[in-house]
Amino acid sequence: MDLLTLAVIALAALLLGLLAQRPRLRPARPPWPARMPYLGGGEPATHAWSRFHVRYYPMTLLLIAFEMEMMFMYPWAVVYVAEGLKALAEMGMFLGILGVGIVYAWREGALRWQ
Amino acid sequence: MSDVLLPTLAVLGTLLAGAALVAVLDQAAAGVIAGGPFRGRLSAPLARAALLWLRPDATTEHPDALLWRLAPAAYLALAALGLAVVPWSAEFVPVRLPTGVVLWGAVEALATVVIFLQGWAPNAPLPLLGAYRHAAAGLSYILVSMFVLIAAALPAESLAFDAVVASQEDLWNVVRQPLGLPLFLVVGLGIGVWGPLRFADAADLAGGTTAETSGPRRLAWALARGAMLVAFSAVAASAFLGGWLGPWLPGPVWLLLKMLLLLALLVLLGRLLARIAPGRFVGLAWLVLLPLSFADLLWAGVLALYGGTP
Amino acid sequence: MGRGAGVVRGDSVSWIDLAFYLLAGIAVYSGWRVFRTDSMVRASFLLLLSFIAVGAVMLLLGAVYLGVAMFFMMAVEMMVMALFMVMFMMNPAGLNPMNMVHQPRLAGAAGIIAFVALAGVGLVADFPERPPAAGGDVVRILGTELLGDSMLVFESAGVALLATMIGVVVLSARSGRFGPSDDGSRPPGLVPGGPPAGDPGSDASGGGHAHHHHH
Amino acid sequence: MNWLRALAATGPVPVYAAVGPGMTDEVRRLALDPVVELVATPRHASVLLVAGAVPPSADAALRRVHAQLPWPCATLWYRSRPFPELDYPQVIEAPEMLAGALQELHRAVLRGPRGREPVLLPDVPPAPFEGRGDYGQGGEGMMGGTPYGRPMAMTTDDLRDGLALDKLELSLGPFFRGLPSGLVLGLSLQGDVVQRCSVEAPPYPEPPAPPFLQALERPMPIAALELARARHHLGRLAEALDLAGLGAPGRRLLRSAGGLAPGRRLRWLGPLVLGSGLLGCVGTGHGRLTRDQAVGAGGPAARAAGQAMDARTEDPGYRQLGFEPVVQRGGDTRARWRQWLDEIDQSLRLAARAVDTDAHTASSGAVEGPCGRLTRDGNPPDLCPVLESILPGCEWGEALAVIASLPLAGTMMPFPAVTA
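In the order they appear, the protein sequences are chains B, H, A and P. Heads up: the first sequence begins at 0 in numbering that gives the first Met the number 0, then just goes up one per residue. Heads up: the second sequence begins at 0 in numbering that gives the first Met the number 0, then just goes up one per residue. Heads up: the third sequence begins at 0 in numbering that gives the first Met the number 0, then just goes up one per residue. Heads up: the fourth sequence begins at 0 in numbering that gives the first Met the number 0, then just goes up one per residue.
Read the hints as simulated data drawn from the structure, not as lab findings.
Mimicking DMTMM-like on lysine to aspartate or glutamate, the simulated pairs with C-alpha atoms at most 25 Å apart in a straight line are: (1) B/K85 with B/E68; (2) B/K85 with A/D148; (3) B/K85 with A/E154; (4) B/K85 with H/E156.
Calculated Cβ distances over 10 Å to all of chain A for the following chain H residues: (5) L4; (6) G34; (7) L45; (8) W52; (9) V174; (10) L244; (11) L259; (12) L260; (13) L264; (14) L268; (15) L286; (16) V287.
All values reported here derive from a predicted model rather than from experimental measurement. For every residue, glycine included, the Cβ atom is placed at its ideal position computed from N, Cα and C.
Please model the complete structure; the sequences and the hints are all you need to start from.
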């Protein structure tokens, strides 16, 4: 029942978000000059969609590795108090490993705008 | 039927009313800071909403119309998902999900996606830059959020928000884990595209992802942003301020009061702090906030084992 | 499918069946659309939609942690994948229609074989009968497992991921501790010992290479 | 008008201002008016305000912006020449009528337009495409052609990490809110980093505040000069705050700039601006001027780079007040913002002392204007070419912050030194 409620809430909000955009009120396509991307009177030479030079790509790869490990942490948190010292040691090791990764990335400048 | 309908109405009603309240609070904060005769009145946000409802939509030369339409709606739906798992009292929890804390993490991750899409869809330079900026921030603050929320879940021995609230019966997490709430507020600024982390809709991009939107579409986006802040404040109140716990007043009132406090704080921070450079934020998040959240988790872990609950 | 455990405590099972077929349909349909769209962004997030539908099916099956974790993981991963796809693929938004499918026959055959094999395992294999205690907390069971028998796996995964992180930094970041990491490097020639093969960052080789790298 | 329209009409009017020459101060005043909200993009506006005589070179840009307001909308021409194609343009001259006229137009737009204001540009795509190319969308192959009216971006070498990815070529301005009005930049971006910058049109020159001009003619009360200087710096800082998303504190600065009086100090200014983390918008060293550039710039920009160049040191009136120029080290964007803050404080203190002693300027050959040395015939140097060398390598936000810290607008002297 809870899952049904969750689904209903999400779908109702989605619908609300769509209705707030008044989808029935779409006028005829405005003329071309009205649809030019805004640049304060300036013009783009090309489409904006392009091979965009993401400046933080090493960070995103770092995150992927990190996050996979993080996913183990949630079940761990639930049994932490029950398991006691073993869990604490486990966490220390986990944070240590991640810490080494971050320190290394920082030393190599991987977290800067490339 | 009513056990589906009532939670749905409660969540959506709170989001709508809360988003309006955020706009009013923001207006008030701006008026106080800017000084002089009160800019508009407190009804100005309402008038602005009416105007946006009436104004026509703008569009660009060759947008991804489907994604553009879906992004604000999905953002609002994510806010609703987040708020749905927050308990209002011991009895009334819209959705009792044993993994509510993880679901909130998923909401944060998916919010990054929809904010990116909102900027990608118009196929215009300024929204596109906003989208990529936000992705950098969103992928940086998410780890901080995971750590501080796991720290909040440690004493509860559960990932459900009702258990997290119940574990703060004696002492709220904001005292027990002093680093948690400040770090989590950074996440709130990010997920609501607010204040110093307003990368996607930045002023230097002429509104960024909203630079090409007008009318109802812009209204939907503003509504979703406000709703996301409301959902965030509910989660933060439950994880760190004891949620619905409190003397004298009924649980839902306490929750709303605490949400109001957090919203006021977020609005004030948003009006007083300058937007940081995105590259600097990435460095800050990984090299300062993340180690601080490590410390928060370690502290919470040691406390949970040896703090000794009376 | 109606034997939901955990959160699914409804007495009626009909909406669960319905939801299962609906979500399964969404998962398959959006998975198929991934290969039919021209836009890298749409492809990435259609795949995300497919994963979300699978995660929701997991929730229906009572896997409350794995289902939600699926949303979480895939959201981050598809976001990163979209960043890289747009960064390195020609015509990333599909402004000119193109065929996203390479080697369709081989891929189709491999897909059919994999499907038949997995479905066969699912139908024929004799799974051990170890149902979790009714109303049991699956997250807790998972946690106990991670700190018990599976601890070695967990820790090895940690070390492997550290290696991944270091590898990622080494391979992707040009900035290094002592300045640009490719300082003084010389691109290999097209023939052994030949002259450097043009600009190291040239369009075709740079793009294609890094893209494969990511997968 | 139904209740919804009536409600909508009670809010501030969203106005997009296309700011022409010499209109910066007027528009800043308008920003303080509670019935008007100046928005950053025409998409958010219902009224376009064209302030000042936009030169013919910016005519095409103005037409583009005009077309970008979602219809229905209206245009108000304030001290400017309307497009000749318009049948009944709304023109006003009197500044005190500005806000009222904007509000009236907004109400008219809400009531329902009386007729369509024509889009003054031809309704054709930027490049013809329909029915051309492999699929009839104008494209050829993977990257070729002009799909849907524009070509796709192509790769180029990168300044930083050497990944040769697509560059976005665009021109920005002359009415972009984050740039001084009139400035048109040709930018090449890779990601959000500026690869190349060319100044396609310089900003419109701004007239110096009247006290500075009068000081070139006759001795002037130092208090008046210093208040005008503080007012100028406050306006520029407000622009920087606005760029950083701090519109409300920015308006506070503008408001206090309007109410400056000798003896008043703005003690909250430093904590507000520095406490907001404005300096965190840019890294240290961004927008640093070389020594020669700093000397050439003069004024606060030079003093922010450690060059104690100040025409006030030559003035006996100032010397009596014990004037010493304040300087920063660094010469980067942060230093220039700090310099403005320090000079505001210094100016207010000087003004207080000058009123007590009724101090006047003594020499009138050269006056230290808000952006540097002013003489009767010498325009302060044009800093625009500097942009082409210091912007490449900056991230978008940093580039705009650098621009917001430089005195780029030339000085418009009311008495032309050279007669044709």
